[in-house]
Each structure stands twice: as C-alpha cells, then as structure tokens.
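Here the protein sequences come in this chain order: A and B.
The numbering of the first sequence is the UniProt record's numbering, which starts it at 1 and goes up by one.
The numbering of the second sequence is the UniProt record's numbering, which starts it at 1 and goes up by one.
Hints in this document: simulated from the structure, not taken from any laboratory.
Any given hint could turn out to be false.
[Claimed, not checked] Which chain B residues face chain A? A few, computed with CB under 10 Å, are given here: (1) G28; (2) Y51; (3) F52; (4) E154; (5) L155; (6) T165; (7) W170; (8) G195.
Only a predicted model underlies this, so the values are computations on that prediction, with no experimental measurement involved.
A virtual CB, placed ideally from N, CA and C, is assigned to each residue, including glycine.
2 protein chains.
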Amino acid sequence: MARTTGSDGERTEAAIRDAATALIARHGYEAMSMRQLAGEVGVQAAALYRYFPTKEDLLFSLMLEHMEALLTAWQEARPASTRPQVLLSAFVENHIAFHIARRHSTHVSNMELRSLSPERLTRILKLRTTYEKELRTILRDGAATDAFAADDIELTAMALIQMMTGVIVWFRPDERLSVAGVTETYLRMTMRLVGANEGREENHVHQHAEFRA
Amino acid sequence: MARTTGSDGERTEAAIRDAATALIARHGYEAMSMRQLAGEVGVQAAALYRYFPTKEDLLFSLMLEHMEALLTAWQEARPASTRPQVLLSAFVENHIAFHIARRHSTHVSNMELRSLSPERLTRILKLRTTYEKELRTILRDGAATDAFAADDIELTAMALIQMMTGVIVWFRPDERLSVAGVTETYLRMTMRLVGANEGREENHVHQHAEFRA
C-alpha cells in the first residue's frame with residue numbers, strides 16, 4: 001500500500017517497495033532487474049541503491065515488513081478473551097483480511113524464500129514460526145479444554161494457514177462473494193475442521209450453514 | 001520423474017522436461033534461459049528447439065502434462081462406489097500422493113500460470129476446472145444425501161484443494177511423519193471440515209484421533 005505521508009525519502013522508499021512487490025509478484029524475483037525497477041519508479045538506478053544496497057536487501061526488506069506487519073496486525077486484532085473459539089475466530093478473520101489486502105506481498109513472501117541467503121531465510125522463518133505458534137497455542141488450549149477435537153496440532157495449524165492463505169489465489173472481491181461472506185464461510189469450515197464443541201461454549205459463528213451452492 | 005524406457009528422442013525429451021521443471025521451480029520461468037537448460041541437460045541449445053520450438057511451448061507442455069497426469073491419476077484411483085465419503089477419501093488420498101510425488105511440477109503449475117499466453121492459460125484453467133468439478137460433484141452429492149453438511153460447495157472445494165496441495169510446502173517424507181500418517185490426519189480434518197455424518201454411513205477413516213501434538 002502506498003504511503004502518502006512522510007518525507008520525500010520515505011515516499012520514494014515506499015514507491016520502490018510497492019513497485020518491487022508488484023514486479024516480483026508478476027515476473028519473479030530473479031527476472032526483475034534493479035534497472036527495470038528504477039524505470040518503474042521513475043528514478044535513476046543509482047537512487048535505488050541508496051535505499052537498498054543490493055537487490056537481496058530489497059527482497060529481504062519486503063519479506064521482513066510483510067511478516068512484521070502480519071504479527072502486528074494479529075497483536076492488534078487479538079481479543080482479550082481466553083476462549084479458544086473466540087481467539088480462533090479472530091485469528092481466521094485477521095489472517096484472511098490481511099492476506100486479501102496484501103495479495104502481491106503474500107505472493108512474494110511465499111514464492112521467493114528460495115532467493116534469500118541462509119541467515120536471512122532463517123530470520124524470516126523464525127517470524128513465521130512465531131506467527132504459526134500463535135495459532136498452535138490456540139489449538140492446543142482448545143484441545144486441552146475440550147473446546148476443540150484433539151488432533152495433530154502442527155498439521156492442523158498448517159492446514160488452516162494454507163487453506164486461508166489460498167483464498168488470495170482465486171478470490172477477487174468483485175465476484176459473487178464479499179470479503180465478509182468468504183470469511184464467514186471460512187469460519188464455519190474452520191470450526192468444523194477443528195471439531196469445535198458447540199455444546200460447551202457458545203460460538204459466535206454459525207455452525208449450521210444454509211445451503212448455498 | 002525420469003522415464004528410462006523409450007527411444008533416444010523420448011529419453012532426451014524426458015530429460016529436458018525434468019531439468020526444466022527443476023530449474024523453473026528453483027529460479028522461476030522468466031529467469032530460466034534455454035541456453036542454461038541445454039547446459040543442464042547436456043545438449044546444444046539448438047537440440048532443445050527441436051522438441052520445444054519456444055520456451056513457452058515448453059512451459060505449456062509441462063503444465064499440460066501435469067494436469068493430464070492428475071486427471072488420469074484420479075480416474076484410475078476413483079472407486080466404483082457412489083458413497084460420498086468413500087469418494088472423498090479416495091480424492092484426498094490421490095491428491096496428496098500425486099502432489100507429494102510431483103512437488104516441483106506442482107510449484108511450476110501453481111506459480112507460472114502468469115507466464116502462459118491467454119489461449120494456453122484458458123486450456124490449463126479448463127483442465128483445472130474439470131478436476132475441481134470432480135471434487136465439487138462429490139461434495140454436492142454428499143450434501144444432497146445428508147452425508148455431508150450443506151455449505152458453499154465452491155468455497156469448500158477450494159479450501160480443501162489448497163489445504164491439501166499446501167502439504168508440499170512444508171512436508172518432507174523424511175521428517176517425523178510418513179506420507180501415510182499425513183494423509184490419515186488430512187482425511188480426518190477433511191471429514192470434519194465437510195461435516196461428514198458419521199452416524200449414517202460407516203466411514204473408513206477414524207473421526208476421533210488420538211492426541212499427538
């Protein structure tokens with residue numbers, strides 16, 4: 001997302017990030033040249049290197065920002081409640097909303113891990129683990145209190161994350177469904193997938209959906 | 001997968017496909033040159049063009065083969081039964097097994113649709129639709145007969161496909177889990193996600209899993 005406030009330098013950096021994200025999502029990191037990127041932003045190639053000394057610095061910066069923004073978004077969205085179903089619902093809503101709003105950035109983050117140096121890959125993967133751990137903790141607490149069916153927590157977390165992130169592959173908000181509508185259906189599917197126990201906790205999503213397809 | 005039988009020409013073509021799949025999965029389609037590919041296979045660049053007149057012909061051929069192989073695998077795996085739970089179990093098993101065995105090819109097929117010409121993209125997307133329709137039909141029949149909870153069939157199909165294909169991102173068969181173990185857990189998650197009705201049909205997967213995480 002373009003940032004419109006800040007100094008000229010900040011605006012240029014934001015423009016570089018936005019253009020790089022779009023170019024990498026479209027053509028792939030290795031296919032993008034710094035010269036091409038400079039042309040897209042409307043600056044000299046030399047100017048780019050003041051912000052990002054190497055092309056990999058730029059890629060790493062995009063991925064770092066993506067993961068930090070995701071963690072921040074979740075910290076802000078996370079409810080005070082300790083009830084697993086409330087926490088899981090909030091997690092699903094935040095995850096889908098974040099990734100739909102950052103489609104290109106998500107593609108870059110998922111496709112270009114291969115292009116990071118080992119140390120940087122490790123840093124990004126640590127942030128991913130931190131994020132995934134939030135979900136695993138919710139699932140584990142839910143299984144421990146019988147709010148959810150006890151199953152393999154790690155596999156359940158991966159399945160949910162991939163199912164939710166996958167929304168950006170096919171979903172375009174101008175189609176038959178709104179973001180809210182998709183999120184509602186995904187909430188129902190998630191609650192069924194984790195075996196959410198309707199009887200014991202009141203649940204703010206509807207478990208029994210109307211027939212729509 | 002390398003084919004070891006056939007004429008020299010068939011073996012060369014298979015070697016080109018295998019090397020191209022690995023290179024594209026690693027670096028991206030746009031970053032791969034036909035010269036680099038020829039070097040990898042150990043032939044002159046001119047020899048490549050006898051098999052694939054353009055780089056896009058090669059990409060299209062890889063994607064076509066991937067989708068046709070997936071449809072063939074499903075036709076062969078598809079049980080004679082008309083029971084939705086039996087069909088869905090077989091679909092999940094085949095989908096996971098196929099994609100784990102063809103990890104690179106799956107990455108190419110999912111990441112490089114952007115690089116196909118519009119007509120070729122349409123052909124590949126039609127094959128995808130044909131495949132997804134198989135799953136939607138199973139889900140719809142299941143909902144109609146009350147074997148599954150009635151929910152949005154299209155979203156359920158997309159969620160299941162992305163959850164299952166996502167296995168190849170994190171799963172390596174030499175880790176704590178076998179392909180069979182992962183498949184078993186995914187079968188349970190799938191049956192819960194679709195709200196499979198245990199009471200009405202006996203179900204060949206266990207709905208109540210032991211606590212493992």
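Review point. Which earlier hints can't be squared with this structure?
Key: 2, 3
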